[in-house]
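Novice: Take a look at the letters that make up each chain.
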Amino acid sequence: MEIPYTVAERPDTGLYNGKLGIWLFLASEVMLFGGLFSSYILLRTGDPNWFKPELSVPMATLNTMVLITSSVTMVMSWASLRLQDFKKFRLFSAATFLLASTFMVIKALEYNTELSHHLYPSANNFMATYFTMTGLHGLHVLAGMVVIAYLWGPGSKMWKTEPERFTNRVEITGLYWHFVDLVWIFLFPALYLL
Amino acid sequence: MTTAHSPEDIKKETRVYILVFIALATLTMITVGISYLDLSTGPAVTLALFVALIKGSLVAAFFMHLISERKLIYAVLVFTVFFFLALIFLPLGSFLNQVAG
Chain A
13 MEIPYTVAER PDTGLYNGKL GIWLFLASEV MLFGGLFSSY ILLRTGDPNW
63 FKPELSVPMA TLNTMVLITS SVTMVMSWAS LRLQDFKKFR LFSAATFLLA
113 STFMVIKALE YNTELSHHLY PSANNFMATY FTMTGLHGLH VLAGMVVIAY
163 LWGPGSKMWK TEPERFTNRV EITGLYWHFV DLVWIFLFPA LYLL
Chain B
216 MTTAHSPEDI KKETRVYILV FIALATLTMI TVGISYLDLS TGPAVTLALF
266 VALIKGSLVA AFFMHLISER KLIYAVLVFT VFFFLALIFL PLGSFLNQVA
316 G
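As given, the protein sequences belong to chains A and B, one line each in that order.
Here the first sequence stands for residues 13 to 206, where the numbers follow the numbering used here.
Here the second sequence stands for residues 216 to 316, where the numbers follow the numbering used here.
This is chain B alone, in the form it adopts within the complex (with noise of 0.2 Å):
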């Protein structure tokens, strides 16, 4: 359970909850509306990332109450994002070993 207990409390994370989903509704037009911008490849990925990145970061923080969470649970995502960052760029390490022609 979160550290917030009394009805206060719970009320004003609801008013949170509520202001994260207008950031999030927000942040969906914007990515859309990027889209549309006919940017190169480079700074269009980049663009969608950050984004999704903002939006992911809202979620985990906020709905998934990572911004109050107990030391062992971000122990355990820290390996997370350490093996999944390796998982998406060990493979593309296989470019730098490509036959010619």
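One chain only, chain A, in its complex shape (with noise of 0.2 Å):
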């Protein structure tokens, strides 16, 4: 039996099943790193020894550009497949998968300063919220990267099939990327900035 509203929308909320589901889960998210950002306001205000290593500004200014460009590609591969032209859809989910690997490379960097100057979770409040935040953040990205690359490679066979539906699962993994591009927005002047 085949499962109804996976293209169709419901008569009753106007949305495919897919829709409510992703955004009920980033609602969720929202959830997730709202404790994390709550628990770093709090930290911050209330550590009485509070005290900010230099990050690399720089660094986190290029990722920050790197990510929104992956928004951009991300989003364009959507439109792509709405274009029905699936050549592009394939470049541009290529070239988010390769802006998301750029920006993991640039954060294993950045890590890897840190810690070499001794700079770890255990360091004090700032590093550990730091490293948490950002690391979760990164977990995120990894997840992402690898529904991008499913949806590029063996999944992108149910655009001969069924070429709506995998232009709506498309959709829901824009969504999703978008969110994390949406977390790294308020974490780069949160932890690099101020």
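In case anyone wonders, no lab produced these hints; they're calculated from the structure.
Heads up, a few of these hints could be off.
Simulated pairs of lysine-lysine, DSBU-like, Cα-Cα distance not exceeding 35 Å [as the list claims (entries may be wrong)]:
{"hint": "1", "chain 1": "A", "residue 1": "Lys169", "chain 2": "B", "residue 2": "Lys286"}
{"hint": "2", "chain 1": "A", "residue 1": "Lys100", "chain 2": "A", "residue 2": "Lys119"}
{"hint": "3", "chain 1": "A", "residue 1": "Lys64", "chain 2": "A", "residue 2": "Lys119"}
{"hint": "4", "chain 1": "A", "residue 1": "Lys64", "chain 2": "B", "residue 2": "Lys227"}
{"hint": "5", "chain 1": "A", "residue 1": "Lys100", "chain 2": "B", "residue 2": "Lys227"}
{"hint": "6", "chain 1": "A", "residue 1": "Lys172", "chain 2": "B", "residue 2": "Lys226"}
{"hint": "7", "chain 1": "B", "residue 1": "Lys286", "chain 2": "A", "residue 2": "Lys64"}
{"hint": "8", "chain 1": "A", "residue 1": "Lys64", "chain 2": "B", "residue 2": "Lys226"}
{"hint": "9", "chain 1": "A", "residue 1": "Lys100", "chain 2": "B", "residue 2": "Lys226"}
{"hint": "10", "chain 1": "A", "residue 1": "Lys172", "chain 2": "A", "residue 2": "Lys100"}
Each chain sits in its own coordinate frame; assemble them with the hints.
Specialist: So this is what it looks like as structure tokens:
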């Protein structure tokens, strides 16, 4: 039996299942990262010995630009499918994956610099929250990369049999990816600039 | 799916995506520039948050298509924002209950 409303919108909500599902999931993710932001604010305002070592603002700025660009390529990959251009979809989603990899490489270089200067999570409250928040964000980037790679590779078979359903899967992945970008948009000034 | 269906509509949307990207890149540079202004904590946080909110709104409105989304999604997000604000501001209430010394 086929699952209904994977493509057609439900008449009561006007949404297909995956769209509502991903937004509900993103709502839970807001609470996850919100809890960590709240902890950071509380620690920062409450710690009399708050010390923030100097982090690399240029590297983080570059990473911000990389992630924003990946958001554009992600939405362009979905738009390409809506224009029935499967080749452009593959190009843009490959670009998204490469940009995400670049983000992770830059993050790894940053972590390496910090750890080599003995700035471990145990060093102080700032480093603990920095590694926790950017680490969790990095795991989310990694998870997104897995999904994007799947849809670029074996998952793309669905384009031949159910193109609209495949387009919806790419749209949902895009929504998740933009959320990951959104979290970084707030993480960057909070941890690096303020 | 968003309401735009014709190829011309979709191409118009892609032009908007590029404009949003340019705006986001500019706002990122502005954010970094503001950090070099040596402002005190209050104005620095306010300004940084303001710029981040504009950037976040652009991503949400155009990349996530919230500008033309269904009512149920807006309803979900209203609840989310309410509980998010509670998560941020309620713990700060602990500062009202501090022991002297």
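Novice: Would the pair Lys64(A) and Lys119(A) pass a check requiring their Cα atoms to be no farther apart than 35 Å?
Specialist: 18 Å, holds
Novice: Holds or violated: are the alpha carbons of Lys100(A) and Lys227(B) at most 35 Å from each other?
Specialist: Judged against 35 Å, a Cα distance of about 17 Å means the pair holds.
Novice: Is it true that the CA of Lys100(A) sits at most 35 Å from the CA of Lys119(A)?
Specialist: 28 Å, holds
Novice: Please work out if Lys172(A) and Lys226(B) have their alpha carbons no farther apart than 35 Å.
Specialist: 23 Å, holds
Novice: Does Lys100(A) pair with Lys226(B) here, judged by a C-alpha cut-off of 35 Å?
Specialist: 13 Å, holds
Novice: Take a quick look at whether Lys172(A) and Lys100(A) sit within 35 Å of each other, Cα to Cα.
Specialist: 15 Å, holds
Novice: Tell me if the straight-line CA distance from Lys286(B) to Lys64(A) falls inside 35 Å.
Specialist: 43 Å, violated
Novice: Do the alpha carbons of Lys64(A) and Lys227(B) lie within 35 Å of each other, as the hint requires?
Specialist: 45 Å, violated
Novice: Does the alpha-carbon distance linking Lys64(A) and Lys226(B) stay inside the 35 Å limit?
Specialist: Violated, because 46 Å separates the two Cα atoms, which is more than 35 Å.
Novice: Between the alpha carbons of Lys169(A) and Lys286(B), is the straight-line distance 35 Å or under?
Specialist: Roughly 33 Å separates the two Cα atoms, so the pair holds.
Going down the numbered hints, you'll see the structure goes against 4, 7, 8, while the others check out.
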